[in-house]
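Chains as they are written, first to last, in the numbering used here: chain A, 169 to 558; chain B, 169 to 558.
Be a bit skeptical, because a hint or two may be false.
The list treats identical chains as one, so a pair stands whether inside a single copy or across any two.
Okay, derived cross-link-like pairs now, DMTMM-like style, lysine to aspartate or glutamate, Cα gap no bigger than 20 Å in a straight line [unchecked claim]: (1) K354 / E209; (2) K434 / D214; (3) K434 / D445; (4) K434 / D242; (5) K181 / D285; (6) K291 / D331.
Everything labelled a hint here was simulated from the structure, so no lab data went into it.
What follows is each chain in one-letter form.
There are 2 protein chains.
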Amino acid sequence: MVDVAVVGAGQTKYGNHPLGLKGMWAEAAEAAYASIDGDFEPSQVDEAFIGSVAFGGAQLGNTAALLTEHSGLDNIPVQRVENACASSGFAFRDAWMAIKSGQADIVVAGGIEKMNDLSPERKRFWLGVSGDTEWERLAGLTFPGTYALMARRHFHEFGSNHDDLVHISVKNHMHGLDNEYAHLRKDVSFEKAKSGFMVADPLTLYDCCPTSDGASCVILAADHVAKKLSEDPIWVLGSGAGSDHLALHDRPSITQIRSTQMASAKAYSQAGISAADIDLAEVHDCFTIAELMATEDLGFAERGQGGVFARNGIGRLNEGDVTINPSGGLKSKGHPLGATGTGQVVEVFKQLRGEVEQSRQVRDAGIALTHNVGGSGATCAVNIFGRDIK
Amino acid sequence: MVDVAVVGAGQTKYGNHPLGLKGMWAEAAEAAYASIDGDFEPSQVDEAFIGSVAFGGAQLGNTAALLTEHSGLDNIPVQRVENACASSGFAFRDAWMAIKSGQADIVVAGGIEKMNDLSPERKRFWLGVSGDTEWERLAGLTFPGTYALMARRHFHEFGSNHDDLVHISVKNHMHGLDNEYAHLRKDVSFEKAKSGFMVADPLTLYDCCPTSDGASCVILAADHVAKKLSEDPIWVLGSGAGSDHLALHDRPSITQIRSTQMASAKAYSQAGISAADIDLAEVHDCFTIAELMATEDLGFAERGQGGVFARNGIGRLNEGDVTINPSGGLKSKGHPLGATGTGQVVEVFKQLRGEVEQSRQVRDAGIALTHNVGGSGATCAVNIFGRDIK
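The shape of chain A in the complex, shown without the other chains (with noise of 0.2 Å):
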């Protein structure tokens, strides 16, 4: 069967966005264009992916094909994928998928969200919506809480602590500073980060990922065309995907996100490696706390003991065996929901190529891991990288 790689990879800066949905798009895939080191014209592009949760607060519809047109892809295949911010994970792997088919050999993956022009009530309501509503959102418990609970089981059956927490944040918001894409480029010290007010017990501000606009788009290819676009393809080694109860309630265990475990044992038997094999890994941080749960989940650190993963600074830039979230992670790179997935991709594409800021470089990169959650874990995709084809 066919083998895929990432050949070019390009996205936005994340943050307050001064364009619309269609300008952010155009600059993340030109900027994706752009990169590809041979010859390549949009029109050689067979089929389109793009993930969005509110695609601009619902008033832009018939999503993927307003947004391709804007980007030089013409009269193909196109859709838009939602699944929460889990989006653009799946639509990467619908797009490796469709190359696996055999039904195409240059596929765009991409996402999207342009959250600051909306109205409080519309931007609550569209981050909101993507939990289990008849039994959390509509009784108040929006993510914030939904973590916050996840957060308060791990602590009591595990010992984990708050100041674990912190040490995540201040490590992402060190990895982001110099970060060029990244929306919060600040030095975040512990104390700081300790000292955070309150959103939802134990989560303070800096637990908490912000909102931010942005899109991401990356291209890949079928083996026999990628080697002809790039002189450096970045493989794409094994793709996993699973879900879970939307409810909280309805879960087995609070401590553990299930989805994440099927989809990382899925890509990981399929890449034919374990965790110990990943030299970096861009993980769904959108709270401290659910970074925490990652690093026990993707197999980084044993069941219940990611908070000595952290405290211990393992994850750290150059530090452990694997560098967590070297791009600032959706704490401090910033969090477009339906642009996150893609948007990871983006930065191992860089790292494993040795292209991004050499502060922030991680050493002797070989293989990389992206790990992209829907809501409080109903959904998640994730997915293998390697310089390297296996």
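Chain B: place on chain A using the hints.
Quick look at chain B alone, frame taken from chain A:
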């Protein structure tokens, strides 16, 4: 490469459905499971794709995870596809590609829409948002208007007329009369359809499909599994899709839909057949003029001859070479946006197996086509099915 078959298919009745999203989806999924001849458990499903536009007036987010857990699909990759009214036509295509890619053996594709508990304003919004917003919707041009422009231009260029559209309306109401799943089971005379009240000149009430609730679900399987699950699998012979500019004024012509032309050319080529080989087609007649143009774009009539085709009743049940919309089409069966694409597959699955009401069974049906359009033609998915593997 692996061949793919539909082994099960089911749907709710379209119309004003008493249940909400979860209940409707469970009804359609259980009907699909029950239609499988062999031993089957939902736990055998590897992945699911669900098309929906408004997902219950945008109230029940993370829709794919929410619905699949209410139909026995636990912990598998699931995602929502939103591509306007072509959402589940594309969900079907994704499911087919997932199997072809070797990643899955059994995949669920479905669609759902709950429209009739929305306020008139919200219903209008969710119906209108899939057109071009900046140039069309905000100027007051919603879908009846865009299709009316196409009709007027077709009349002007090719000498077709409103009576041709009336013939389509009468035919589809006649076909839907005995369809137990149809929304509008009414015997509509030529005179009655001709004298409907004006909606958007020249389109009257009888040229427009209704707003329906509904859910549909189909189960696809890889060849080696399909033969175990079904004594009479229906094979997917080809699948194509395409897109076009969203706003009418950007298109080279508004009397043809380029996305349909591209999608069908690809699907025919893959199936190794031409339009002349199709015994029945479920086409996207959101407005009668859409069916008229589709008969041309899909190759059943010569360019400009869609009016003559309709006038001569060629698409009527068992009268010509091809039966167009034996289900009653969107006009009579109804149009629950996201459910329509896989709802068309439910119909051809049953038609090809000889399982619909005898009074509307297409005789000697061997090859069928589904045609699902998003918005005013910005996206289109065409799938071709056969009793025999090619």
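To see whether the hints hold, each was checked on the structure:
no., hint, verdict
1, K354 / E209, "neither (38 Å within a copy, 52 Å between copies)"
2, K434 / D214, "between (27 Å within a copy, 12 Å between copies)"
3, K434 / D445, "within (15 Å within a copy, 42 Å between copies)"
4, K434 / D242, "between (35 Å within a copy, 15 Å between copies)"
5, K181 / D285, "within (16 Å within a copy, 40 Å between copies)"
6, K291 / D331, "neither (30 Å within a copy, 48 Å between copies)"
When the structure is compared with the earlier hints, violations turn up for hints 1 and 6 and for no others.
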